[in-house]
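Residue numbers (our numbering), protein chains in the order written: chain A, 1 to 154; chain B, 1001 to 1403.
Do not rely on the hints blindly, as some may be mistaken.
[Unchecked claim] Label-pair restraints from in silico Cβ distances:
hint, chain 1, residue 1, chain 2, residue 2, range
1, A, 86, B, 1245, 29 to 37 Å
2, B, 1268, A, 153, 41 to 49 Å
3, B, 1257, A, 33, 30 to 38 Å
4, B, 1064, A, 29, 32 to 40 Å
5, B, 1315, A, 86, 41 to 49 Å
6, B, 1045, A, 105, 55 to 63 Å
7, A, 29, B, 1198, 35 to 43 Å
8, A, 118, B, 1196, 44 to 52 Å
9, B, 1245, A, 45, 20 to 28 Å
10, B, 1063, A, 86, 51 to 59 Å
[To be verified] Covered stretches of chain B, as calculated for chain A (at least 3 residues, CB under 8 Å):
hint, segment
11, 1221-1229
12, 1241-1255
These aren't lab readings, by the way, just hints derived from the structure by calculation.
All C-beta atoms in this analysis are idealised placements derived from N, C-alpha and C, irrespective of residue type, glycine included.
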Amino acid sequence: MTDETSSYLPAGLPAPAANVDGLESPFWEGTRRHELVVQRCNDCETYQWGPEWICHHCRSFDLGWTEVPPRGVLYSWERVWYPVHPALQAKLPYMVVLVELPDAGNIRMVGNLVGDAEAEVEIGAAVEAVFEDHEGGGDVEPYTLVQWRVVEGS
Amino acid sequence: MAGLKDQYAIVGIGETEYSRDSGRTTRAMGVEAVRSAMRDAGLGPDEVDGMLSYHGNDSTASPTIATDLGIRLNFYMDCSGGGSSTEALIGIACGVIEAGMCKTVAIFRSMNGYTEARIGGTGRQAPAFRSGALQQGIYGMSSAAQSFAPSFMRHMYEYGTTSEQLAHVKVAHSKHASNNPKAFYKERVSVQDVLASRWIVKPLHLLDCCVETDNSTAIIVTSVERARDMAQSPAYIMGVAGRTSKPSVGYHWRSGPISRVAGHYARPIVFGTAGIGVDDIDVTGSYDAFSFTTMLQLEAYGFCAEGEGGDYVSSGIIELGGDRPNNTSGGHLCEAYTHGMNLVIENVRQLRGKIDDYCPNWQDGEHTYDYSEGGCRQVRDAEITMNLGWAMPATGSALIMRR
Ligand SMILES: [Zn+2]
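Produce the complete structure using the sequences and hints provided.
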């Protein structure tokens, strides 16, 4: 795990807006502490991501949250050369990855892969979370994104 | 056997010019497309009493289009949706007629997909990142290409699928478009052209992605009893599956093999109703938002084994003159982007034997079957067609028709 303060994507993207029902809140509260917190069913102990109301394994609605090791394996990736949001013009290309978490039932998460966006990428590579702090400002509360970095020598 | 096999038919088809500068409202285009489909079927305003449309807040609603055409409706509904809606709405049309709610339904899609709301993202307001988008958009993953690309990349990793193999989808569809006077892109391209085009989001080159166009398209559905009296020979609906979904739609990448798409679930429904199998299909219309979507769906519906899509699409099978041509109009990659409508319209024409190509007497069903550039695109003795509609990896629809 590494702490990081500079952001991978340029400034100008909207900040995450928490839903009023709080469905995702434990995740965002966890990232502020630099902890990776995901859903886990209180009945069958199956991990789940992204945040939903039902456990897709046993159909229980009793979902809890738990901290998991901030490491995973690269499951798939893409290199974006044509952005949607205008702010992203300042950072082309950029990498988006799908990371699988073997320590948490192989749930998958979307993030950016920090480092050289044009470097060779290997599916199956070991990656670790990078907690990317954003100061916020104005109406925006400080928030922290979970990004990923290839573990050297993996 | 469940379903309404051979009891409903498509009797009319209509389309406006496929362009990038319609200079018209979706209302004007929608009126033209529906009117054109009514003329095709030989129907007057008193003989159409149902209307369905789909949109992404970029269209004009049915009551307006109907009023403009002098139609008084007994049923209408305007649904939110894009790709995979065509087949689903055809199924709904059969259902509402079967329920006795109305007798004949016009389905339309009207969109200024280039000059107003572009699918690729430009020209649209960036949405706030909430719920599903919160886990994707914040990382710069928001367009269709960006959302689907990891599924495509994973297929390449697991099965050794190559960019060259996928390029053959564009090559085939461009050949088809070169024999289609209506196609927006009529120029034939090579595998090398596709590979040399710029990256949009790897593994998608520019030429792996569909065109964006302005157009309206329409389809008329009625019962077989009424269909017999109409101007064209009916395209009989053998089976339909609509907006079938994977277990998780919001996070389509959440579980399972991510390159297995929703067609996996639609397959038993549509083939079950039709009572036939893949070997009976003469022509496919596998939705080509991207070269990969065509391939993944052909796999999902069993036209080849899982993982063998790359071989299938590069084998020549999907080209005119091959065993089972796909998107003979040029599809979304070359003819126009209509969210699926033009792919069904093309298959209706194939079943009529009246493909509107460069053959001098195509209106009379006279074709040369010479598929070289600027020639014919009629498939010889096309009896059964299948459309494989795509919304996203987690949602798809399908339609089997016969002549
Ligand atoms: Zn459970």
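Structure-based check of all given hints:
Against the hinted window of 29 to 37 Å, the Cβ-Cβ separation of residue 86 (chain A) and residue 1245 (chain B) comes to about 32 Å, which satisfies the hint. Our hint of 41 to 49 Å for residue 1268 (chain B) and residue 153 (chain A) holds, since their Cβ atoms are close to 47 Å apart. With their beta carbons about 34 Å apart, residue 1257 (chain B) and residue 33 (chain A) fall inside the hinted range of 30 to 38 Å. Restraint check, residue 1064 (chain B) to residue 29 (chain A): a C-beta distance of roughly 48 Å breaks the suggested window 32 to 40 Å.
As the Cβ distance of residue 1315 (chain B) to residue 86 (chain A) is approximately 42 Å, the hint placing it in 41 to 49 Å holds. A C-beta distance of roughly 59 Å is found between residue 1045 (chain B) and residue 105 (chain A), which places it inside the suggested range of 55 to 63 Å. At about 41 Å, the CB distance of residue 29 (chain A) to residue 1198 (chain B) agrees with the hint of 35 to 43 Å. At about 18 Å, the CB distance of residue 118 (chain A) to residue 1196 (chain B) disagrees with the hint of 44 to 52 Å.
Residue 1245 (chain B) and residue 45 (chain A) have their C-beta atoms about 27 Å apart, which keeps the hinted 20 to 28 Å range intact. Checked against the hint of 51 to 59 Å, the C-beta distance between residue 1063 (chain B) and residue 86 (chain A) comes to roughly 37 Å, which is inconsistent with it. Check on the segment 1221-1229 of chain B: 0 of its residues sit with their Cβ under 8 Å from a Cβ of chain A, so the three-residue criterion for coverage is violated. Figure legend: the segment 1241-1255 of chain B, annotated as covered by chain A; annotation consistent (7 residues with Cβ-Cβ distances under 8 Å, at least 3 required).
Against the hints set out earlier in the document, violations occur for numbers 4, 8, 10 and 11.
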